[in-house]
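As they're listed, the protein sequences go chains A, B and C. Under this note's numbering, the first residue of the first sequence carries the number 4, and numbering increases by one thereafter. Under this note's numbering, the first residue of the second sequence carries the number 145, and numbering increases by one thereafter. Under this note's numbering, the first residue of the third sequence carries the number 8, and numbering increases by one thereafter.
Treat each hint with caution, since some may be false.
[To be verified] Derived Cβ-Cβ restraints for the label pairs, each shown as a range: (1) A/V294 x C/V181: 36 to 46 Å; (2) A/E293 x C/I26: 55 to 65 Å; (3) B/I342 x C/F29: 52 to 62 Å; (4) B/I156 x C/Y165: 46 to 56 Å; (5) C/N173 x A/E181: 49 to 59 Å; (6) B/V430 x C/V176: 50 to 60 Å; (7) A/D323 x B/L239: 37 to 47 Å; (8) A/F137 x B/L305: 47 to 57 Å; (9) C/V25 x A/E293: 57 to 67 Å.
[As the list claims (entries may be wrong)] Output of the computed footprint for chain A on chain B, the stretches with three or more beta carbons under 8 Å from beta carbons of chain A: (10) 394-403; (11) 457-465.
Treat the hints as calculated values from the structure; they're not laboratory data. Virtual Cβ for every residue (Gly too), placed ideally from N, Cα, C.
The lines below spell out each chain.
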Amino acid sequence: MKKLLMVLMAVILVVGMVSSGALAKVRIAMVVKNLGNAFFEACRDGGLEAIGLGEDIELIFRGPITPTAEGQIEIIDSLIAQKVEAIAISANDPTALVPIARTAMAAGIKVISFDSGIAEGGRILQLDPSGPEFIGRQQVQIIAEMIGYKGEIAILSATSQATNQNIWIGWMEEELKEPAYKDMKLVATVYGDDLSDKSYREAMGLFKSYPNLKGIISPTTVGVAATGKALEDEGLSGVIELTGLGLPSEMKQYILNGTCKKMALWNPIELGYSATYIAYKLVTGEIKGEVGEVMSVGKMGDITIGEGGTAVMAEPYVFDKSNIEKFAAIY
Amino acid sequence: MLEKVVKKREFILLVSLVSLIVIVGLRSPRFLSIGNFRDIMDDTALLAMVAIGQFMVILIAGIDLSVGAGVALTGMSVALLHQYYPGIPIFVIVLLSILIGFLLGSFNGILVSLLRIPPIIVTLATMGIYRGFVALISGGRWVSAHEMSDAFRNLPRGGFLGVSNLLLVAILCVIIFGIFLKYTRTGREIYAVGGNEIASRYVGINLKKIKYLPFMIAGSIYGLAGLLWVARYASAQSDTAMGFELVVIAACVVGGVSIFGGSGTTLGVVLGVLFLGIINNALTQVKVSPFWQMALQGLIILVAVIVNTVMEKRTQKLVTKRRNL
Amino acid sequence: MNSTRKMPIWRILMQWEVILFFMFVAMIVVNSSLSPYFLDSNNILRTTFNFMEKAIIVLPMMFIIICGDIDISVAGIIALASSFMGLASQHLGVGTPALIFIGLLTGLSVGALNGLIITKIGVPAIAVTLAGFFLFRGIAYAMLGDMAVTTYPESFAYLGQGYIGNTRVPFELVVFIILAIIFGIVLHKTTYGLNLFAIGNNSTAARFFGINVNRIRFFNFALIGLLSGLASVLLTSRIGSTRPNIASGWELEIIVIVVLGGVSIFGGAGNILGVVISIFMVGLARFGMGLINVPGIVMNIVMGFLLLIAVLLPGSLRQLQSKILTKQQQR
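Chain A on its own, in the form it takes in the complex:
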């Protein structure tokens, strides 16, 4: 028995020594909030596009099963062990990931965050798809226009803890304080947890609890699609207006049939592209990552790194009947 063990140990050691060799590729890891989310799949597509521009760049795409901070910590740990060159992450928690991100940076890995950011000190820079203030305010502006600046509105968000959504909702509430919206009232904020069945149920709940509801804002791709279906099923298309942040491919039919006349979103493919591109350029040293620096991000043009290391990619696109077909084919 003992001899067997010793032989096995020897084999392990030899195998371990033999298989360690240098890897020439530049490996960029994209860590998302959780797997199985179409939004992040699109980001991955963008990332794959970006690495196609160089030789020997590999994209490692990872995410936890449940959108938890500890799930992402485990993944970053694994990436540090694999000695990747860069990590671009959309974080489940801005502060929880700081320690592990710092460990990664101390190991020489370039860490940036995109979409949902890590707090300052835990990343070189944060890439916002669009300015959160702009996103929040624009949502209110869209719905207000659709309901004639009068009536009750509700918000159907993702999880109650989602950092992005909460920041945007904060700006929505700010926008609603403007005098132009004095006849509008936010009556409820409910959470669909980014699950289609829960979002659907919450939407149904809104219809019943607030019979005078005029509009719903759903700043999450799962939520806005589920609400669209709920409105359709209940025959309320056009009676209750809907807007939100939706993927054109998912929302195409609701836009065409008037359930959701207008909605916004940035291009997640472009977001993934930019994040990966920037991460790669940080590795090669072409981008330094300092405040004030103007980065030239391939097909996206110039992006400036602002205060606190935050860079804004672009303004959200607004989708309606006129352009939905075109974009639905892309993402």
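Got chain A sorted already, so can you dock chains B and C onto it with the hints?
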């Protein structure tokens, strides 16, 4: 006398249900509308279907933790088939969903009956395996509304006399399997095996068959449920029905099904399902903060299991007393 | 219990541990050949952070399952304890020792509550802890709402993130090792441990032997509650943040590890060695798969098959053993 006590459990559940409805109705009259009840029915239909399957598994003193993953896997499978082969007629899709579910459930059933692995372990393993496969076959991508034809998405709706297809299917499931369990020989054998496995073996019941059947049936049901689920919400994702198995088990437990097997009624399960469904529906309307939903669900389950246990003990005491007379 | 009964059980159990050990070695060989980063002592030590909290709960779960019970509310207890700690830290500004106390006390009280309902009222463990699964995490959601708590005192971070002195040995690992030794001794060398096996094998007979079955079962649940509280302290300290979805899915992972470790789900059999090997096997297997970037959800497929194989092998042996015992009891 004994029968009255047993019936009492369902009666108490019914009374609680009615009082709940009344209380909520007073606070929010809209709750009592026919439209709302129809929504509650539609909403709980999926839960009811799958709960009947789980009920059968619990009856033989088993448990099926792979239900959520099974719903997701069958749903994603048919959604992908439909996406890539839109020519397949809908009724074939329906049959395929049942077939896939049948296979998944049979896998569980064979492991339990032939290989004698405890159900909790088999289904704990298949839960991970099936859900992993959802991600594998879909590559992590969704199948969303625009990839589904109108016929597909309208499948749960249609129906006649104001009763949706989904609700019809659920009602049929409940009736068919309710009758099966109560009035057929195999159904009674299922109760027997759960009640006393050793005795059933001596009586000549084919244990292998009876231990396989509930899993197979549960699988076939949740196969169909998977299709209806993705069609209803117009989306098939990797995390579809995540955690659903625990809600299903909770519905059975609230409905008075003994977790040790051998006792419980279809009516109880239906009431348990309605209870949980009404809570969900009511909470969103009574404007209870959404943050309390999960806690209230847990509280209901806790109260239900305590009440059920107390009642069961009283029945047992009566039974023992009777014997001593 | 007399020692003559121990021998046949021990002999059969030994086989499970041997099989498990071979699986462990095989896992190491496979993983180290798949990735050069696997057999790095730094990496391995660092990856233990990711499963030590679970490991700490695996120990009392072993007691619970050996006794014929089960507890699926443990992750909910973690969430609840973390929420109390978070709110205390944020609103009352308490220091680290107080936080530890709050975490432990919450876990203990909740575990005791479970134990009370199970032993005094007689509700089956799976039913009560199923309710607890929803209730405890539900309360965490209710208390936190849409906030996350990220303000914790600096010294608090040491618990989950710190190392022993200047070494690379994590504090959490040491805590676990100490606990594992204690649990091992209690299980195999004390009357309490013998009683657990007795109760698990035949609780009625145990009661007639004079064992206070309900008191022991109550104590088990209080214990697992306490250790869930401890795990919560360590986990919250490690991620430095409290969100209600913390530790999602952990209860089932923990049970898988226990069962893989040779503890029969029916109760009455189990071994500390098997459980400890199982902890490291599962933890390192996940680490290894992560190094080759296998998505978490696919890892579960491997875990699932592992579980089935591990159960099939000695499963038949166990049944043989039960048959012999049943025949003995019938005489």
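A quick look at each hint next to the structure:
Distance hint check: the CB atoms of A/V294 and C/V181 are about 42 Å apart, consistent with the given range 36 to 46 Å. Between A/E293 and C/I26, the C-beta spacing of about 57 Å keeps the proposed range 55 to 65 Å intact. Hint check: B/I342 to C/F29, Cβ distance near 35 Å, so the stated range 52 to 62 Å is violated. At about 52 Å, the beta-carbon gap between B/I156 and C/Y165 stays in the expected band of 46 to 56 Å.
Between C/N173 and A/E181 the beta carbon distance is about 58 Å. The supplied range of 49 to 59 Å therefore holds. A hinted range of 50 to 60 Å holds for the C-beta pair B/V430 and C/V176, which are about 53 Å apart. Checked against the hint of 37 to 47 Å, the C-beta distance between A/D323 and B/L239 comes to roughly 40 Å, which is consistent with it. Look at A/F137 against B/L305: about 50 Å separates their beta carbons, and that is inside 47 to 57 Å.
Taking 57 to 67 Å as the suggested C-beta distance range, the pair C/V25 and A/E293 conforms, at roughly 59 Å. With 0 residues bearing a CB less than 8 Å from a CB of chain A, the segment 394-403 of chain B misses the requirement of three and the coverage assertion fails. Against chain A, the segment 457-465 of chain B contributes 0 residues with a C-beta closer than 8 Å to a partner C-beta. That does not satisfy the three-residue criterion, and the hint is violated.
Comparing the model with each earlier hint shows violations of hints 3, 10 and 11; every other hint is respected.
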